[in-house]
Amino acid sequence: MMKTDMQILKKGAGRVASSLLLIGIIIASIFPFLYMFLMSFKSTINAHDLDFSLEKLSLMQYQKIFAMDHFGRYIFNSVFVAAAGVILTVGVCSLAGYAFAKMDFKGNDKIFLFLVMTMVVPSEVIIIPLFLITKGLGWLNTYRALILPLPTAFGVFIMRQAILDVPQDLIDAAKIDGCGNLKIFFKVVLPLVKSSMLALSIFTFVGAWNNFLWPLVASTKTEMKTLPLALSMMKTQFNTDVGLTMACAVINFLPPFIFYVFIQGRFKEGMTLSGMKG
Amino acid sequence: MAGGKKKYGAAKVAPYCYIAPITLILVTFVIGSVAGSIILGFTKYNIMTEPVFQGLKNYSKLMSDSKFIKALKNTLELMVLIVPLQTIFSVAISVFLAANRKRLLGRLANSVIFIPVICAPAVAGVVWRELLNGKIAVVERSFGLFGIDPSMLLGSAKTALITVGMVAIWKWMGYYVVIYTSGLLSIPDTYYEAAKVDGAGRLRCFLSITLPLLKPTIILGVFLSMTTSLQCFDLIFNLTGGGPNNASTTLVVYAYSKCFSAGTAGYAMAISNVLFLVILAVALLQRDLMKREASEI
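Chain order of the listed sequences is F and V. So the numbering used here is basically just the index in the first sequence, starting at one, shifted up by 666. So the numbering used here is basically just the index in the second sequence, starting at one, shifted up by 16.
If we strip away everything but chain F, and leave its shape as in the complex, we get:
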């Protein structure tokens, strides 16, 4: 069969159209972030023109923002809360996941079901009673308040699913070799569920790093605020200085973004965990 010119033309036009659409999707996805980056490198206050000749770009906004009171503290708070949150979540969830998946004890199924039921409770809805509980414990403006509520039943669910797939033979063999439960957990089970641990880590890290409402409520003192709160406060304090606000947004944006660039597939998997399996 010979292709007519029309057919070739039609195919070419389709390819051009789909390319344009793809470019449209790409621009729509990154334009706000391009704007954010470019604005953060501008020294002139409140300059909205998109004139980005190289000699006009400067690091001035970043120098200014790091000179701001408490800014180093905000970064530390965000990093510390996210890191501790990941360690705590992965720790307690895999411990419980191991018990639920591989141990025989009274009430195993019932307790698991009870914990999983807490997954239907939406976090934004219980913010006020959570605030009251935290206040009652005297934990307002502490790291404990920001970190301890981070683990969810969802993490237990994920880790239990993963550990169920660990062959029982391996665990039995380790037992015959005289390993205790804890040793089996660390030496046999955890190495086999690394990918689920990584997915849960990413999920928890992004959630904790981006968390807004809970820190807004639990951290009233300036020195306990995290980066998203600092960013949100800037709109009132430095309303005119767009560049400075954007520099703060960039610093807030970069850590998850850099992780994403390096481990894209894992990141998508981790972030959509709740959507896939929940």
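Bear in mind the hints are in silico, worked out from the structure with no lab data behind them. A portion of the hints provided could be inaccurate.
Stated by the list, open to error - Straight-line C-alpha distance at most 25 angstroms; calculated DMTMM-like pairs for lysine to aspartate or glutamate:
(1) LYS677(F) x GLU209(V)
(2) LYS860(F) x ASP843(F)
(3) LYS28(V) x ASP843(F)
(4) LYS860(F) x GLU889(F)
(5) LYS772(F) x ASP835(F)
(6) LYS212(V) x ASP671(F)
(7) LYS676(F) x ASP214(V)
Unchecked claim - If you want the footprint, here are the derived chain V segments under chain F, 3+ residues with CB under 8 angstroms:
(8) 53-63
(9) 93-102
(10) 116-128
(11) 243-256
(12) 260-272
(13) 294-302
Note that beta-carbon positions come from the ideal geometry of N, C-alpha and C, so glycine has one too.
Using the hints provided, position chain V relative to the given structure of chain F.
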């Protein structure tokens, strides 16, 4: 299995030690909060003084609180705005990206569409606020094509909520695209090949193969989108702060302001409880639909 189950007390207690930390955390923070919210919703409580039981008074007050009615309306409106558009766009984009997944541009689009998902809602809110208010020629011109002045979008009571909805759709698009793409890629190629042999066109394939087989994933996505949009807070707080004139105040925003600005915590919890009921109803509906879907297959 019997190895660990000797008559030692320690071996019997061990499993409970493993589940104790997370159980303690969830009971304290989640169960405790739900119980607290239900109980304190029946009280007059302003945090400073002791709560006083007053029956259903908070809830009867809600009925005549015009700001509450407005917030409830806004919450539902936002959901009705977001869910269909989010679903249609993300299914369409997933199909389009899956068809172009071998091309460089397709792969690039597939990667960058997820960037808004990983960025903090606070960042998305602040950047979009500046972008819309920024008097930037490119932005003004592209919105001008549709006859819209971008700087008015967040400031006008008519468009504030819609604008919040659009930013939310933009922010979560990549999330749903990932979910739908994984659903699409699990449809065997042989189905499409067989349909092609039978002379089915692209639209026919989409309607007769893709959509029916994607249905369970779509149900999941729709409900995820519903529950997420009902709880929207960070974006609203950073885009409009609930304004202008409460035009974009949703239930979460209203409860927050009632507790932390007005100081009426009991009343605020009654508001949250209403939202909780709405979300619970949505979750039950989802369970029902998913069960029916599973029994059909």
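Against the structure, the hints:
1. LYS677(F) x GLU209(V): Measuring from Cα to Cα gives roughly 20 angstroms; hence the hint holds.
2. LYS860(F) x ASP843(F): holds, 23 angstroms
3. LYS28(V) x ASP843(F): Between LYS28(V) and ASP843(F) the Cα gap is close to 20 angstroms, so the pair holds against 25 angstroms.
4. LYS860(F) x GLU889(F): violated, 35 angstroms
5. LYS772(F) x ASP835(F): holds, 23 angstroms
6. LYS212(V) x ASP671(F): Status holds; Cα separation ~24 angstroms.
7. LYS676(F) x ASP214(V): Since the Cα atoms of LYS676(F) and ASP214(V) sit roughly 23 angstroms apart, the hinted pair holds (cutoff 25 angstroms).
8. 53-63: holds (count 3)
9. 93-102: Violated - the stretch 93-102 of chain V has 0 residues with a Cβ nearer than 8 angstroms to chain F, which falls short of three.
10. 116-128: holds (count 8)
11. 243-256: holds (count 7)
12. 260-272: holds (count 3)
13. 294-302: Since three or more residues must qualify, the claim that chain F covers the stretch 294-302 of chain V holds, with 3 doing so at under 8 angstroms.
Checked against the numbered hints above, the structure violates hints 4 and 9; every other hint is satisfied.
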